[in-house]
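Q: Following the hints, put chain F in place on chain C, whose structure we already have.
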Amino acid sequence: MVSDETAASPEREPLRSDTTGRALIRFLTFGANSSPGGPVTSFYRHRLPVRLTHWFNAIVITIMLMSGLQIFNAHPALYLGKSSDFAHPLLSLQAMQDKDGQLRGITQLGPWYFDTTGVLGVSDASGTLATRGFPAWATLPGPQWLAMGRLWHLFFAWFFVLNGLIFALYAWRSGHLRRDLLPKRADIAHLGQEIADHARLRFPKGEAAKRYNALQKLTYFVVVFVLGPLAVLTGLTMSPTLDSALHPLLWIFGGRQTARTIHFLCAFSFLAFFVIHIVMVVLSGTWNNLRSMITGRFFLEPETGDRPHG
Amino acid sequence: MDRDRRRFLTGAALSAGAFTLAGCDGLSRTSWWPRVLAGAEAVTKRAQRLVAGSWSLAPEYTKADIAPEFRANGTLDPGTPAYAQMAANGFRNWRIPVGGLVETPLDLSLADLRAMPPRTQITRHDCVEGWSCIGEWTGTPLRLLLAEARPKPNANYVVFYCADPMSTDQDGNSTFYYESLDLVEASHPQTLLAYKLNGEDLPVAHGAPVRLRCERQLGYKHAKYVQRLELVENFDHINGGKGGYWEDLGYSWWGGI
Chain C
0 MVSDETAASP
10 EREPLRSDTT
20 GRALIRFLTF
30 GANSSPGGPV
40 TSFYRHRLPV
50 RLTHWFNAIV
60 ITIMLMSGLQ
70 IFNAHPALYL
80 GKSSDFAHPL
90 LSLQAMQDKD
100 GQLRGITQLG
110 PWYFDTTGVL
120 GVSDASGTLA
130 TRGFPAWATL
140 PGPQWLAMGR
150 LWHLFFAWFF
160 VLNGLIFALY
170 AWRSGHLRRD
180 LLPKRADIAH
190 LGQEIADHAR
200 LRFPKGEAAK
210 RYNALQKLTY
220 FVVVFVLGPL
230 AVLTGLTMSP
240 TLDSALHPLL
250 WIFGGRQTAR
260 TIHFLCAFSF
270 LAFFVIHIVM
280 VVLSGTWNNL
290 RSMITGRFFL
300 EPETGDRPHG
Chain F
0 MDRDRRRFLT
10 GAALSAGAFT
20 LAGCDGLSRT
30 SWWPRVLAGA
40 EAVTKRAQRL
50 VAGSWSLAPE
60 YTKADIAPEF
70 RANGTLDPGT
80 PAYAQMAANG
90 FRNWRIPVGG
100 LVETPLDLSL
110 ADLRAMPPRT
120 QITRHDCVEG
130 WSCIGEWTGT
140 PLRLLLAEAR
150 PKPNANYVVF
160 YCADPMSTDQ
170 DGNSTFYYES
180 LDLVEASHPQ
190 TLLAYKLNGE
200 DLPVAHGAPV
210 RLRCERQLGY
220 KHAKYVQRLE
230 LVENFDHING
240 GKGGYWEDLG
250 YSWWGGI
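Chains as they are written, first to last, in numbering that gives the first Met the number 0: chain C, 0 to 309; chain F, 0 to 256.
Honestly, I wouldn't trust all of these hints.
Here chain F is said to cover these stretches of chain C; the calculated rule only asks that three of the stretch's residues, wherever they fall, bring their Cβ under 8 angstroms from a Cβ of chain F [stated by the list, open to error]:
| hint | region |
| --- | --- |
| 1 | 72-84 |
| 2 | 142-154 |
| 3 | 236-247 |
| 4 | 253-261 |
Calculated from the structure, these hints are not laboratory results. All C-beta atoms, glycine included, are put in the ideal place defined by N, C-alpha and C.
Same shape as in the complex, but just chain F:
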């Protein structure tokens, strides 16, 4: 008497399980469900900002903690003729414009950056994949540049445009890496335009001549090969409109977790 009932219920439970799993993959491919899931990002950002505030410092480590070889990830060499040319003469002609919603647009050389008061920090790089690596970074605190450029009241984000092409379409137009931070993260004391790793000039594999360090964020936020900064009110008009190369491909803009 019970056997059929049990078989029915067991079958029902198993099919429900399989159906649910298939459903979860299906849900991931809809346009609406990932948007629902992404709704947690704003909550997470608010909660983390509440706990961390604007100024909490990422832990800094000792020389003994520095990895023997800092793992290079993402682009290892932009490989474009323009970049090769800049690298060939030691980035002497390299300049980094700071524009957009600022009172005083800047246009700085590597020497200009190095002439500003530097900060050196031994910090942990946390890749979104899960691994961590510790290195010593030296660079110009971004807030010094922002103080000189004076963001306009409606400026909310700093966008970092990079020299490494991530993909090229059939017409030969490349999509370059880019990232963005809000002004809180951009003005954080440990947020640097770093030009040295472990006391040496930044190697090409790590983003020469300058990469971003934003120590409270995951690795993909730390844009390499930074070429230009733009202050914007929002990033709707830039590429996919999500504020970064990986963000346009579905990663969270908030890289705090």
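Excised from the complex, chain C in its bound form:
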């Protein structure tokens, strides 16, 4: 199959001044947008299957996260082991009344208690403070509605898995996995330097920007090929029917309640990845990155020293 992703035709376009009226059209037709003055080189960065599965996944994972929080709200506590030790949850989002009779949201994590009124434990539900784990703005559907949350979650779970399998198959067959995602020995050697560069918000330019660096490779690889399957498998471990067929699942994850806790941690790892991903996209050139994931084309800035990015 095709394997020229990083070696695609470079193109030179003169930079033209822009008018807002044509903003969207120009954006979608690869309009140049970076360093003022001087020619800009572009290359074809993301192939169509990558772009499609990326955006489809973005939608599906948002639904999974929010409907998952809706389901979690039905019993907003996490445990370790085979069953629930109700007196000693690992984490719980509770509600209690203070001495003035006001509802307070209390988040308990191990031995620690935090007042999280307004967000966790107790939050606004159509005008009044109500007992609920995560707030209405974070759940799908917004109101407390377990049956509906489960419908969304268990419907889109299939598409999460299918989309992941399609991407994995494509990445493997096209060489995308080996070429762009699997970290190589040399990548690992540069890891320290790259972490330092990222922390100082210095991003590669020119030819170096064409390839994922070690940090990106490692992150994308872990998110797609570790976190994704882990979320699916821990989700399946919560199914009593599948537990009857696949006892090792329970053994691997340390019991159904531990599996549920890991599932929750996976969800928040996805969320953490999502936040960092967005921040990095913004810091390294929002529109260039966004466009490259929509049209495929990425514009390279010439290597001109250390000018900060806008």
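A: Frame of chain C, contents of chain F only:
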């Protein structure tokens, strides 16, 4: 030059996000979209049956795993005069008819059930809310009753009618809890009409005198206070037509996940 464009695109993205969220809640309230979502249930059931087959056994645990106090959920006492009367004399007059599409209708007392070969199993109860609790159940395997009653060829489901009223309308008519299993799940070796929890007679809070145990399913399928069994071809004609009290309120009939 770029600022307006960026503002436009940022605004567009944010409004699209807010619009989508509002749209998702709106979609949940339509009549068609939940039906689309529920379409996954049949796929999930088929896939799980493919993996689990008819006979895969739910994991069984040891005495050491039994919860100090098994959490009682749902109805804790049916509270009707009829039930109170039965409970007062230790369910000696309680009988459980097995009817509908069977060759030999049955009508059994608690003593009849106890006289049949029992099964004892320490299993994990998984509530749809997310928590789990382990307890030891003793009861009569449902398949023994089915073997005696001999379902007719067109019988597809066993419906469990219960003694606990879930709601009462203004005319005083109550809707009682009920559930249903297909014959595969009903004939599963771990599917019991359980009359003991942790070696004691089933407490009222747990569904005395008899509750259903169907260990490959979520908690709401395990009907408590079971009063009558009926074999049916389908459950279109029963209450909301979805095969169970919670099912009529939007929960999936397939409780395998």
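Q: Decide, hint by hint, whether the structure agrees.
A: Verification of the hints:
no.	hint	result
1	72-84	holds (count 7)
2	142-154	holds (count 10)
3	236-247	holds (count 10)
4	253-261	holds (count 3)
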